[in-house]
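Engineer: Given only the sequences and the hints, what does the whole structure look like? Please build it.
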Amino acid sequence: MKVLLQNLVKRFADSDRAAVNNINLVIEAGELAVLLGPSGCGKTTTLRMIAGLEQPDSGRITIAERDITDLAPKDRRVAMVFQNFSMYPTMNVYDNIAFPLHAVKMKRGEIDRTVREVAALVNIDHLLERSVRQVSGGEAQRVALARAMVRRPEVFLMDEPLSNLDAKLRVQLRAEIKRLHQDTGTTFIFVTHDQEEAMTLGDKIIVMNNGDIQQVGRPHEVFFGPRNAFVANFVGTPSMNMLPGVVRNENGGGYRLQLPGFDLSLPARFHDGLAAMAGNRVIWGIRPEAIRLVAEPGENCVSGEVELVEALGSRDLIFVRAAEQLFGVIVDAQESLAVGAPCRLHFAGGQMHLFDAENERSLLSLTK
Amino acid sequence: MRVPTSERVFAYVILIVMAMLVIAPVLAGSITAFKPQIIWVSSPPTWVFEPTLENFEFVFFTRKGWVYLRNSLIISIGSVAVALLLGVPAAYAFARFRFRSSKALMQWLISLRMIPPIVVGLPFYAMFLYLERGLGIGLRDTFPGLIITYQTFLLPLVIWMMRGYFAELPAAMEESAMVEGYTRLGALWRVVLPVVFPGIVATAILNFIFAWNEFFLALILAGNRTSTLPMTAGTYIVRTRVEWGNLFAVNMIIMAPVIVLTIILRRQLVKGLTFGILE
Amino acid sequence: MSTRRGGSLVNIKYMFHSDIADNQGKPFSTRLYQLTQRRRHWFFIAPALIILLLVVIYPIIFSTGVSLFRVTFASQSRPFVGLQNFERMLGNDDFIQSAFNTLYYVVFSVSGSFLLGFAVALLIRRITAGVELLRLILIIPITMAPIVVGLMWNWMLDPLFGLVNWFLGLFGIPGQTMLAHASTARLTVVLVDIWQWYPLVFLIIEAGMATLPRAPFESARLEGVSSWMIFRRLTLPMLRPVILVALLLRTVDAFRTFDIVRVMTDGGPHLTTETLSLYLYRTAFTFSKLSRAAAGSILMLLFIGLISALMFRYLYRDVEMG
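Here the protein sequences line up with chains A, B and C, keeping their order. For the numbering used here, add 66 to where a residue sits in the first sequence, where the first one is 1. For the numbering used here, add 101 to where a residue sits in the second sequence, where the first one is 1. For the numbering used here, add 23 to where a residue sits in the third sequence, where the first one is 1.
Just so you know, not all the hints are guaranteed correct.
To be verified - According to the in silico footprint, chain C covers these stretches of chain B (three or more CB under 8 angstroms from chain C):
hint, region
1, 149 to 163
2, 207 to 219
3, 252 to 259
4, 355 to 367
Derived from the structure by calculation, the hints contain no laboratory data. Idealized CB from N, CA, C, for every residue including glycine.
Structural biologist: The following block contains the structure:
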């Protein structure tokens, strides 16, 4: 079902800043939308307002054209999975899954059929008689998923459901959530602070910070075309190399970027955005994956030496000191360099990002 | 941590002496309750004798001890029930909802612990008197009157203790139930209360002990109809001679249930006695 | 309660007013629902709060009122006398004497029970076997009714056949009449009070010690810091909030001492053991001077309020409460 947030505002009594500051958002029917942002950015508050656990100060929430802003949580036909809670400790697995069905006074036989069906869907049908003490953390979170599914909600809300699990289990359950989404075709809204999780899961990523939506887009759009410096910095690990700089007009119509210790020529795709920016301060960025090691000197190259090497597995993250700046560079493990080795970095024009230093907005919109 | 043997021996000696000092008077006194009247008082003390229940019989039936026991039970259980009924919802709100005055109100509740009973007892006596004379509402020497008065020390303690138990549970527990089709009260009843039940039992027991042992307010506000056990204990002493055997029989009746409850409760006892301030 | 009603009301609202944009245009039922959501904590707190105002605050106001008039149980006329009752109380030797006695109780019972309780808490960490049994034994006095404790010690201290004198007699010490003599009665009552309450200090301190993190202590020991310095510089400062809570509770309780004294000496001999609670009780119920007792109780409340506010301020700096 399509979820629509209009001018949503939420302030808490104990804070001057709005937790959610007038946001507007459309989540299409059947989409898996991920709310991504650092802690305190308002993503969880937004989700809780959709669930009805927080009452917005103003604004509207509709699900499939139905205004649910003032409905009690139980009447919203949504389901929610929480980060720090998965099973009611006084009930066994079966009764946990049946619990939402008792609320709608379903008949015993039908409850039994539904519970077994849903339990099989999340692979816990062999655990039904177990108590909370006899299931693992991952299994308990499957119980929570089953309990959420059992009422066939119009929207699934998930508040960092994988954060408390260990890394291996997290990847496994992530894949299952993706599969559940594909099988059910229901709208999912997933909250996380983990950008890798957001990338792998989301059809659509909503990046939030300080109660505002920073960018909405498909994972690739957010990764390759960040709309502002915050998104550029937050999305991607290791994070983007960023430096302050000043734009200069070049004889012959081009632009050069003066960075601390060196300068670069800017490719033509920035020219529109820079029309009125000559002499202005900007933030320049390039991802560690986009920097190449080259042998010969040339345009947009700086030389330096390796200061630190971190092994990431098949690839290494090396930190290069060049022009008195430290650059993170990702290289194949085979091509990796030793600490102290001299090297030359090349910044490809097509991979650069530029942001206005005043408002941190991108000077280029790849997405159009 | 390894402790030197000499230090450990020293600790054992001192602690055993301390334990003896605590337990000896209690045991010696309790034994007297089983002594026949002729050896209540004897010097040197008689340690070997045929134990008898005649003191208990006398206290319980001849001196209507069963009535006082009943009164004590009604007042203690009644006032704990009222305190739980009022205090548990309040504790839940303090643990869960953020609102502006919550912190100040919780501190105010602790400050009630400082009020000496005379400050409350005296006006209560006068108020009950005026209510009776003026409006014909008799609360003096009644169970409801005492049960209301006991809320002065029970209710703040119930709220503080229960707030601690609620705060230990994730809010997501009842929120989950609310999203799954229950009202907040429904979620509280079906999900939260079963989980927090051991905490309620511990709170009830500790408050019962306080109400059961209470003497001062009962002395002022209870009369012939509502006399409690602690009040009657003194009646065996203000006579020409003290009926020690009978007195210790009453003491035993007062002490025994509390000691049993304490053994059940001992892990939660500190939390309750310190008002749960330390968490 | 609020959610259910709000939910169904809003369903009706939804049927008729599905196109409402902001709060101002919303019907009464919706605004009522929002109100119950925003003020929901009062539904839970109000009953308890009302009762507490009734049983604690109202009596204090009532007492303050009564203290400004001359009210006795015997007479019907109640003339306004202003602060005269307070003056009379402060000028009354017996009141001052009982206030002094109360202070004596507070100082000696609190410090005695604190030192003893702290010492036992330190000692019990040195042993392993029998800790549980020891703890169980030490809990017993706390849970006994003070009146039972008082009566029990009356018997223990009886000059003719009491166990204490019998025990002393085994060592050739002649019988003492500790409760009958002005010089020893007060100390004896204080000792009994300590007997009952030092286990409470012990329990609190021990619980506090159990919550201390291990890392700083292990680290200090690795660095070769002496036990005494560890105690001075780590244990004591880290236990500060716990110590303050123990002291606060003991002070408040010692200040209100009534039960034990009532049954052991009833204030005598010659008012040497009379506490404020006992004196005010007598003023009101034996001598029927209600107003004067009310004035005294207000003074007492101010006094304990001042002491505990000071301790509270100290405590508040250390622990975040609520």
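Engineer: Hint by hint, note whether the structure agrees.
Structural biologist: We went through each hint and held it up to the structure:
1. With 0 residues having a Cβ less than 8 angstroms from any Cβ of chain C, the region 149 to 163 of chain B misses the three-residue criterion, and the hint is violated.
2. For the region 207 to 219 of chain B, the stated coverage by chain C is satisfied: 12 residues place a CB nearer than 8 angstroms to a CB of that chain, which reaches the threshold of 3.
3. Restraint check on the region 252 to 259 of chain B versus chain C: 4 residues with Cβ-Cβ distances below 8 angstroms, three needed, restraint holds.
4. Judged by the Cβ-Cβ criterion of 8 angstroms, the region 355 to 367 of chain B is covered by chain C as claimed, because 8 of its residues qualify and three suffice.
Against the hints set out earlier in the document, a violation occurs for number 1 only.
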